[in-house]
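Residues per chain, in single letters:
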Amino acid sequence: MTTASIPVLTKKDFQTDQEVRWCPGCGDYAILSAVQSVFPELGIPREKFVVISGIGCSSRFPYYMNTFGFHTIHGRGPAVATGVKITHPELEVWLATGDGDSLAIGGNHTIHMLRRNVGIKVLMFNNKIYGLTKGQYSPTSEFGKKTKSTPYGTADRPFNPLGLVIGADTSFVARSVDVFQGHLKDTLKKAAAHKGSAYVEILQNCNIFNDGAWFELTEKEARSEHVVQLENGKPLIYGKNRDKGIRLNGMELEVVHLGNGNGLTEKDILVHDEHHPNPAYAFLLAQMEEKPGFPTPIGVLRSWDRDRYEDVMSKQIQDVIAKRGPGDLAKLLSAGDTWEVR
Amino acid sequence: MTTASIPVLTKKDFQTDQEVRWCPGCGDYAILSAVQSVFPELGIPREKFVVISGIGCSSRFPYYMNTFGFHTIHGRGPAVATGVKITHPELEVWLATGDGDSLAIGGNHTIHMLRRNVGIKVLMFNNKIYGLTKGQYSPTSEFGKKTKSTPYGTADRPFNPLGLVIGADTSFVARSVDVFQGHLKDTLKKAAAHKGSAYVEILQNCNIFNDGAWFELTEKEARSEHVVQLENGKPLIYGKNRDKGIRLNGMELEVVHLGNGNGLTEKDILVHDEHHPNPAYAFLLAQMEEKPGFPTPIGVLRSWDRDRYEDVMSKQIQDVIAKRGPGDLAKLLSAGDTWEVR
Amino acid sequence: MATITDPVVRAHKREVIEKAVLRFCGDSGDGMQITGSQFTNTVALYGNDLATFPDYPAEIRAPAGTLPGVSGFQIQFSSADVFTPGDAVDVLVAMNPAALRTNIKDLKPNGILIVNSDAFTDGDLRKADLTTNPLEDSSLDAYRLFPVGLERLTRTALQDLGLDAKSMDRCKNFFALGMCYWLYNRTMDLTYKWIEDKFKTKALLVEANKLAMRAGYNYCEATEAFQVSYEIPPAKLTPGTYRNLSGNQALAIGFVAASQKAGLPLFLGSYPITPASDILHELSMYKNFGVMTFQAEDEIAAITSAIGASYSGALALTTTSGPGMALKTEAMGLAVAVELPLVICDIQRGGPSTGLPTKTEQADLLQAMFGRNSEAPIPILAPSTPGDCFWVAVEACRIALKYMVPVIILSDGYLANGAEPWRIPKIDEIPGIKVKFATDPNGFHPYSRDPNTLARPWAIPGTLGLEHRIGGIEKQDVTGNINYEPLNHEKMVRLRAAKVEAVTQDIPDLVPAGDPDGDLLIVAWGSTYGAITAGMKTMRAKGHRIGHVHLRHLNPMARNLGELLGRYRHVLVPEMNLGQLSMLLRAKFLVDVQGYNKIQGQPFKQSEIEAKIEEILG
Amino acid sequence: MATITDPVVRAHKREVIEKAVLRFCGDSGDGMQITGSQFTNTVALYGNDLATFPDYPAEIRAPAGTLPGVSGFQIQFSSADVFTPGDAVDVLVAMNPAALRTNIKDLKPNGILIVNSDAFTDGDLRKADLTTNPLEDSSLDAYRLFPVGLERLTRTALQDLGLDAKSMDRCKNFFALGMCYWLYNRTMDLTYKWIEDKFKTKALLVEANKLAMRAGYNYCEATEAFQVSYEIPPAKLTPGTYRNLSGNQALAIGFVAASQKAGLPLFLGSYPITPASDILHELSMYKNFGVMTFQAEDEIAAITSAIGASYSGALALTTTSGPGMALKTEAMGLAVAVELPLVICDIQRGGPSTGLPTKTEQADLLQAMFGRNSEAPIPILAPSTPGDCFWVAVEACRIALKYMVPVIILSDGYLANGAEPWRIPKIDEIPGIKVKFATDPNGFHPYSRDPNTLARPWAIPGTLGLEHRIGGIEKQDVTGNINYEPLNHEKMVRLRAAKVEAVTQDIPDLVPAGDPDGDLLIVAWGSTYGAITAGMKTMRAKGHRIGHVHLRHLNPMARNLGELLGRYRHVLVPEMNLGQLSMLLRAKFLVDVQGYNKIQGQPFKQSEIEAKIEEILG
Ligand SMILES: Cc1ncc(C[n+]2csc(CCOP(=O)(O)OP(=O)(O)O)c2C)c(N)n1
Ligand SMILES: Cc1ncc(C[n+]2csc(CCOP(=O)(O)OP(=O)(O)O)c2C)c(N)n1
Ligand code: SF4
Ligand code: SF4
Ligand SMILES: [Mg+2]
Ligand SMILES: [Mg+2]
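Residue numbers (the numbering used here), protein chains in the order written: chain H, 1 to 342; chain U, 1001 to 1342; chain S, 2001 to 2618; chain A, 3001 to 3618.
Bear in mind the hints are in silico, worked out from the structure with no lab data behind them.
Everything numeric in this text was worked out from a predicted model, so none of it was measured.
Don't be surprised by glycine CBs; every beta carbon is placed ideally from N, CA and C.
Be careful, since some hints might not be right.
To be verified - Here are the computed distance ranges between Cβ atoms for each label pair:
#, chain 1, residue 1, chain 2, residue 2, range
1, U, Glu1231, H, Lys315, 38 to 46 Å
2, A, Leu3135, U, Lys1240, 51 to 59 Å
3, H, Lys220, A, Gly3465, 54 to 62 Å
4, S, Gly2263, U, Arg1306, 29 to 37 Å
5, H, Glu252, U, Lys1011, 15 to 23 Å
6, U, Glu1290, A, Leu3135, 40 to 48 Å
7, S, Gln2594, A, Gly3562, 14 to 22 Å
8, S, Lys2588, A, Val3435, 51 to 59 Å
9, A, Lys3013, H, Asp319, 54 to 62 Å
10, H, Asn241, U, Asp1305, 47 to 55 Å
11, H, Asn241, A, Gly3465, 50 to 58 Å
12, U, Glu1290, A, Ala3497, 49 to 57 Å
13, S, Leu2487, A, Gln3227, 34 to 42 Å
Kindly generate the complete structure, drawing on both the sequences and the hints.
This is the structure:
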């Protein structure tokens, strides 16, 4: 174990000499800063970090992280990362990706990586737009959105990204926001602590092509009315005066008001259980943002331990070696029926 | 409307002169026969049917259907079908695919087609194996399964196919079984009646490379103990003596016994609502097959009406034409600033 | 709102010249592309011939003031024919030190250099890795330097509008534009109009930008900064109505034209990628032409959805660039196997892999020829100028529909974004496109063939009695049934090849520009057309006997090409790749052609072509 | 359980002959592939040289008894060298009318024809589209026909075992096998052994199959059906230990050998596809060699996961066939751009598109050369025989690791499934592979280069102090930083090409087989080796001066090839495509090579090569 003596690392240790090439005001800066301040706190030697990405503004991320980095091709980051993780399960592999990179061209690799539970931490920068290609709609753009490629509005409903990945049985699912630095760092640390795949949707503002996409959630005034923070074991209460809560009624969630004489109190409110054994629970939470009048949940929706693909695979190898001994090339070459020619 | 005078069609009208090239005993025969007997009952002229597929044993389907048919390339059926449906929304487009074709290489096209709610009816032949390539594991093969490509067992958990497509917000989701002809035909008719995308998982036996994959469900004796039929508005009761039921308890489902003195009766049992507005309900049902001791639900899990991609798109076109009149080529060519040279 | 009128033009020295090359350069945020295209439209409308070259970084916005952040727009305009945006620049407008540093090398000795002197603080210099201030050291002595405080002057001009400093500074490019309008005696009306509807909702910005531009104009007028202004008379172009058109626009309207001529709905399946995305943007606006644009989840879905559309009777199209092209190759093979019409546009960019997304290159020719499993031949066309893109789009559709084959169009980033005056054709100048769907069940066979074109019938779903099955597995000729027989396979492979070869019957013999025989034949394709035409002109003037054939049809090639190659002592093939067309010509004709291969993400310069010819002919 | 011993061989006429060609054919369900490989192993162990050719339909099982359902297995074995499975057949075993009908044309006049006469009911005939019974009409008079009631006889032999009819009939192929063992005087021991562990859990089946085979043997012995049996003495092969090996097996163990030699773990990222899947199956069994096999969700994930594995220090590999190859092209470009070692196996099959999945072809050469966006050169190797696959696998890994490049191996369905006796090399006959990871941070640059190979350092994640970034965007040489400068791009493009060219230093000069100069040089590659070698032999015997060079290295090519081409009057290039190597040779050397192009999903026959040579040399 190299972790024996870890040099004390600081944020600066994770910054590179490359000038950051994002638009002034882009939400990506905040995410970069959060990651650069969380990594040193993880107690992992810097050389163990690998940051992989696809293509997109968000995918420029690795160039600005002073770790091992691989800026691959559009949508294929999850597969490249899987190859890295299988070969070296001990590495700390993070994937920076966008709503287009991860959910359009990369959708299949994403859900398969998550299904396999490869121990990769995904940062999905969701700005609901294709930034790098200058403003076409993405699989998370709202229905009817007018963009460069849809001057008359889109004709398709967006994915619910967290709903989709829960459908793929993702073992850790969370959401945070670029400008909520504290919450973001917190969430990243929880993702880092999780053994298997972690999918973190980060709501990010593209101030050039989709400015204000998350205004409702980030704008100081409205914020507390439109966001509910999920904290394990705590009730889903929100509102400037914490006077609103989410109640489970049969298979439906409902927003209720507290202490306005309707007799409802905190104990009527749904208490969050991020370890709920049934993914349907997290799935239900993921549906909230779609429902008018509901706040958007941020924090950890699901955290569930199950075998990691790379571990099962290396165990298979170790077991076979233990049982049959390490492979002998000479034996392999002369396997099966052989005969002598003199 | 061409439907004005529909010739009365019979099963024979949908059979081709090509000899069917599946292994003797393959479950695909039963599915073919069911489809060939349902199509004539839909009151749609034969020339309006288009059957599209990818690659796989299951994808040979179009060759045996005397309709318009397109055997495309591996995994791309959904995209080809989308092109057809957008161009001619009035056509009746069906997609024959396998667990590999639809969920491995074709996973991304599948979830995007379903998200867009293109009016295509998907028949997903789930035999939990790659048949045509002679027996490698598929994304639906059970964890640890030994196959040609995994002699020491698989290292990854399978998709829950219906969970995945519900995660993609599929508007119609159902399951049936190759050998349950009556139920299968019924389910196909319901799929046909649905306006938007319909995803029907058909449990199919590959008697050569994965024989008995669904034995528990199909075998005469055990059948009624391991299958629960979903019928809209009816309680989830099953068992040879209909003495078992599914009860909703908070966010969890539980199997309960009826009339064995525990005081539980039919009214304690969950009543199926295929039109439940919240997809989390169907998602919960989809989780059942995973849970030990639970029966596998067959029938329609979800049926929910929403706009079809192709309709929104053609409406956009009609609206613009209505507003601006049909395009005038001469005007288009000389659009913008022009000048004369003499 | 203050009414704006052009100042009365005071008497000052005016020189009439033939042509000029002007380049705006600055930060990605300085609006150089807008400034450039405004100037372009104005000179176009005035009647000059012109060519433009926008050049910008791959990042949306690299950090302000840095070298990678520099964006440029160059235009050559003239009273004579223009073939290129020009090698060296007569007037350079530089908005900051980084722009100055990266562009100054292209300014002609004694050329006019307008610099925004407000952007030369030590901080600005540092961002451009400059240690001394070029405005002060003597590094710019070779030029006619005009340092202008663009920010200061603009703010003064706008002071009464009550805008914040940032917004005022955003108008400074219009101040510079105004100066250039003065310098070349151009009216500002067109840009006034543009500003008005661009900002229609924001009256204040309308006024601000107009004022800034006018201030720039008046600044020259008042200060007489330049002792002289220039006049470039209109060019003698073929009579007709003209518009200014970029390559991607030309492709887009070309496809609409083809769909109208063929009487088929147009379907575009596409996934955004630089520099092809604009075609998608453009076509998505033409809903009243019944155009269906489908933004797919990836390039594979883009092309396969187009194949589905083609199968059901649409004029189907997919657009992309190199990396996306690579992803479409398996599906192209399917289109070849099922013999359906399809047009595939590859707007080439620098590679390999992600490469240089915003730079131009011609290195996808061999991918287009051979980038598919097994023998899957596809006709290939290449436009030579932005305006030519229109005609190539129509021709590609015509061939696809006539022969029932996929067709590839190879454009590139330089054509896509470059613009030129384009004579608007009369509708009947555009070739008609005949399409006949199969309708008669009698003796219908999905793979029966037209004797001339070898095309199979197009029998679309919904046609009574024509139910049939197609697919990517090898099939029996005529019936289309699955078939693995050895001789049938060979027959089908050769049929698919013969079908593509049959296109030669539609290809006119090549007629060399310049001399019909002699010292040197230049064979080329695509966007190198302008530089070669211009370069050849000068070299012929020097008495060399030079011919030039520019291949619009790359596969198959014109029948008489082999014969032409024999008529000259040397054959030169300039390409922005490592010699791809050269290889095809050598293999086909066994002629020792010389490649001239520049692969820098930049188009050839006229002077480079001239030097190369000089080198060969001495 | 009845103990089984071979019958005492009664005196009967035995003829010693040099070689024989035997073909089993029947329904996909009749177990012809098993029967064939059993016979092969027995013959191999006896010491004959041999070559085999399995040929089966794409469907798992087409309907029993139909023409498309026919599956065949052919073997040529001899006391002399064997180069091909043989053109015409000496002994044909046909299990049903469909098999008889599709295979009879290959049986030599007066050849031995063993037919399962129990399978000739009217129903069976109809399934084979036969109107009359060939056993009764005189259509088979030209052959020595032996109608044998295989079902009846087998059932009789097994009657005491209490098996149902269906199970008994399933043993009939072993009855036929037993007959062939008698016919060629071979021991059945090996097959006994095989049956025992194949059915170990099912004692009854063990006995049944053994009995059936023995019954077949005894049937000949008793009935003296054939007046004569044949003996083919062992071949004089290079001394050593031999095993029988198919091309796909050879690739698999070749890669394991390379990983052991290089001291690197082997990673295979793959998606199943015919005829490449067996490599995945084979490697997935070698866990005790630390082999990691990742069955990806598609071909793109397969290659990109391999690129990730290579990035982190594994010997990375991806295997596929044509359609999958097409899907990997974008990722290959990435591997070229990031300069990481990677081996890509394309087991070619008939195309285009899905084409003929189980048939062989050589039509992916140009895809391998050019099927990527922009200039992305990759070294290409091709094995010439099943056994050679082992050596090519090792060589491909060596080059990939030495030059830090992706390398493509082009095998094909014929090599993949065909088998030959293979001399097992001593471990030290296998070239060592040196690999050095970068470890020293001092002066480390991700794109610094080794002067001889131009390879960049391999600095894998986890290495202290070597943190760095790579990617597909164009980069500055040495530093690897993103860079869009024109001259840097040209430099990098030429560097990547020079790196591949540098491989020539490892390629030995070609030495033609046959004559070093003269009338005709045959240049070829891949699985055509055997037919050409055999054909050339006969034609040289007729006095023609013929040379043959078989290219293992297709890109780059051996240094002396150009010079060789000049030494012969004619150059012939036989290929199972429309002339792909021909094109490369014509372009590179401007030599008018003649292509001989067969594209039928079937390998060349020796006689075809002979006829072609005859045609050229008269
Ligand atoms: C194969 C391929 N197709 C398309 C592109 C063009 N492209 C680059 S990034 C991108 C989408 C970016 O959107 P997103 O992933 O949301 O990232 P963002 O820029 O918004 O952060 C596209 C379409 C490409 N580089 N490669
Ligand atoms: C691009 C490509 N990759 C791989 C293959 C090989 N292949 C054909 S079918 C198939 C999987 C079939 O499995 P499934 O979809 O479950 O169909 P089934 O045969 O089981 O009905 C594969 C891997 C192919 N034909 N094309
Ligand atoms: S385009 Fe949008 S996402 Fe990209 S860098 Fe600029 S602001 Fe950020
Ligand atoms: S292999 Fe399996 S799925 Fe394929 S046809 Fe045979 S039984 Fe059916
Ligand atoms: Mg985005
Ligand atoms: Mg399957």
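Hints, verified against the model:
Our hint of 38 to 46 Å for glutamate 1231 of chain U and lysine 315 of chain H holds, since their Cβ atoms are close to 45 Å apart. Judged by the Cβ atoms, the range 51 to 59 Å given for leucine 3135 of chain A and lysine 1240 of chain U holds: they are separated by roughly 55 Å. The supplied range of 54 to 62 Å is broken by lysine 220 of chain H and glycine 3465 of chain A, whose beta-carbon atoms lie about 44 Å from each other. For the pair glycine 2263 of chain S and arginine 1306 of chain U, the beta carbons lie near 34 Å from each other, so the given range of 29 to 37 Å is met.
For the pair glutamate 252 of chain H and lysine 1011 of chain U, the beta carbons lie near 44 Å from each other, so the given range of 15 to 23 Å is not met. Taking the beta carbon of each, glutamate 1290 of chain U and leucine 3135 of chain A are about 58 Å apart, not inside 40 to 48 Å as hinted. Between glutamine 2594 of chain S and glycine 3562 of chain A the CB atoms are about 18 Å apart, so this pair conforms to the stated range of 14 to 22 Å. A hinted range of 51 to 59 Å is violated for the C-beta pair lysine 2588 of chain S and valine 3435 of chain A, which are about 43 Å apart.
Take lysine 3013 of chain A and aspartate 319 of chain H: their Cβ atoms lie about 58 Å apart, and the range 54 to 62 Å holds. Restraint check, asparagine 241 of chain H to aspartate 1305 of chain U: a C-beta distance of roughly 39 Å breaks the suggested window 47 to 55 Å. Separated by about 53 Å at the C-beta atoms, asparagine 241 of chain H and glycine 3465 of chain A satisfy the suggested range of 50 to 58 Å. For the pair glutamate 1290 of chain U and alanine 3497 of chain A, the supplied restraint of 49 to 57 Å holds, since their beta-carbon distance comes to about 53 Å.
Separated by about 38 Å at the C-beta atoms, leucine 2487 of chain S and glutamine 3227 of chain A satisfy the suggested range of 34 to 42 Å.
Comparing the model with each numbered hint stated earlier shows that hints 3, 5, 6, 8, 10 do not hold.
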